[in-house]
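Chain by chain, the residues run as shown.
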Amino acid sequence: MEYIIIIISAVFVNNIVLIKFLGICPFIGVSNKVETSIGMTGAVTFVMVIATMVTYLLYQYVLIPLGITFMRTITFILVIAALVQMVEIMLKKVSPPLYQALGIFLPLITTNCAVLGVAVLAVQNDYNLMESVVFAIANAIGFGIAIVVFSGIREHLELLNVPKAMKGVPIAFVVAGLLALAFLGFSGIV
Amino acid sequence: MDQWKNFSKGFFKENAVFVLLLGLCPTLGLTTSAVNGLGMGLATTFVLLMSNIVVSLIKRFIPDKVRIPSFIVIIASFVTIVELVMQAYVPDLFAALGLFIPLIVVNCLVLGRAEAFASKNNLVTSAIDGLGMGLGFSMALTILGAVREILGSGSIFGWKFIAGDGMIVFVLAPGAFLVLGYLIVIVNKINKKGA
Chain A
1 MEYIIIIISA
11 VFVNNIVLIK
21 FLGICPFIGV
31 SNKVETSIGM
41 TGAVTFVMVI
51 ATMVTYLLYQ
61 YVLIPLGITF
71 MRTITFILVI
81 AALVQMVEIM
91 LKKVSPPLYQ
101 ALGIFLPLIT
111 TNCAVLGVAV
121 LAVQNDYNLM
131 ESVVFAIANA
141 IGFGIAIVVF
151 SGIREHLELL
161 NVPKAMKGVP
171 IAFVVAGLLA
181 LAFLGFSGIV
Chain B
191 MDQWKNFSKG
201 FFKENAVFVL
211 LLGLCPTLGL
221 TTSAVNGLGM
231 GLATTFVLLM
241 SNIVVSLIKR
251 FIPDKVRIPS
261 FIVIIASFVT
271 IVELVMQAYV
281 PDLFAALGLF
291 IPLIVVNCLV
301 LGRAEAFASK
311 NNLVTSAIDG
321 LGMGLGFSMA
331 LTILGAVREI
341 LGSGSIFGWK
351 FIAGDGMIVF
361 VLAPGAFLVL
371 GYLIVIVNKI
381 NKKGA
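As they're listed, the protein sequences go chains A and B.
If you're matching positions, the first sequence starts at 1 in the working numbering and goes up one per residue.
If you're matching positions, the second sequence starts at 191 in the working numbering and goes up one per residue.
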């Protein structure tokens, strides 16, 4: 039951992009086409789940026993940066097709605040290991839903006659605002 | 004169938020009030200034291949300093900004300036660039926060001038996107006229 609450809360009620404002850069940056946003979602899911797991273990079994929790930010970002690099090398060797698909998105993920944000939130919320992993997966799904829906709308937007000053990014923000308004409807479920 | 240009470009021509669209997560997430926006802006300005200074000082010793991780470590150190100082001296603001303080590390603006500017320019120029960009960022956040606060809760910098609640949607998530979208339109107009 707890897992279900975590999932619904992370995917809809507290959607990581539209309500919590994490990972806005890729949300605006690579959402021109549905295809690229699906690729980005795949890469983010991959890194987010592994990163949350690793940082959780590191925090519980290294930082807390040593009493150096103030090193949290530095440790987490280094883990994520190293992880992204490692995943990139491994994917290249193990699964070239997947690497081809995700390749360009992987380096971008290091500075995706959604990944660091979820890792920090999982620790802050005092989740155990299983809950952290579920939390990470749910947030990745939330990210995916938001960015894929958004890119679908943006594809249509290109065909419309938008006022000149609003072309491109400004209208995208207005669309994102309306999308966030829709997601606000989920608040109060959990 | 050149240094003045270098300093002032962060406010309009290359404003981080309105023109370059960098550092959007804290921009949208924290600007529920003008005070929060200003606080976040100043915290980011400090990190940006210090990391630009350090990066430009030690750029000669950093091998090209590990430059991004090195920059991130430098930035993360200053973020930790800000985190601890704010926790000690302004606990209220620290609680309001919450998760977004550690997230200054992944603010693309800070890393972007380190990579694109400080790693290529000397100490003074980099410091001025960091200060200008940071203050421009603070300005954008304060404006956004002020607009949302006025519309959403009928107050400015915590001083209430309308009884009651205002249009709450502007304090909630959708308002952030809408207000930023329209502010970008206005800045685009102004910049086009100037050029």
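The set of hints was computed from the structure by calculation and includes no laboratory data.
Hints are not guaranteed to be accurate.
Here are a few chain B residues that sit away from chain A, every Cβ distance over 12 angstroms (derived from the structure) [claimed, not checked]:
#1 ILE243
#2 ALA286
#3 LEU293
#4 ASN312
#5 GLY365
Now the stretches of chain A that chain B is said to cover, found in silico as 3 or more residues with beta-carbon under 8 angstroms [as the list claims (entries may be wrong)]:
#6 69 to 75
#7 135 to 149
The following residues of chain B were derived to be distant from chain A, with all beta-carbon distances above 12 angstroms [what the hints assert, rightly or not]:
#8 GLN193
#9 LEU228
#10 LYS249
#11 VAL272
#12 ALA336
#13 GLY344
#14 GLY356
#15 LEU362
#16 ILE374
Every residue, glycine too, gets a C-beta built ideally from N, C-alpha and C.
Hints breached by this structure: 3, 5, 7, 11, 15, 16
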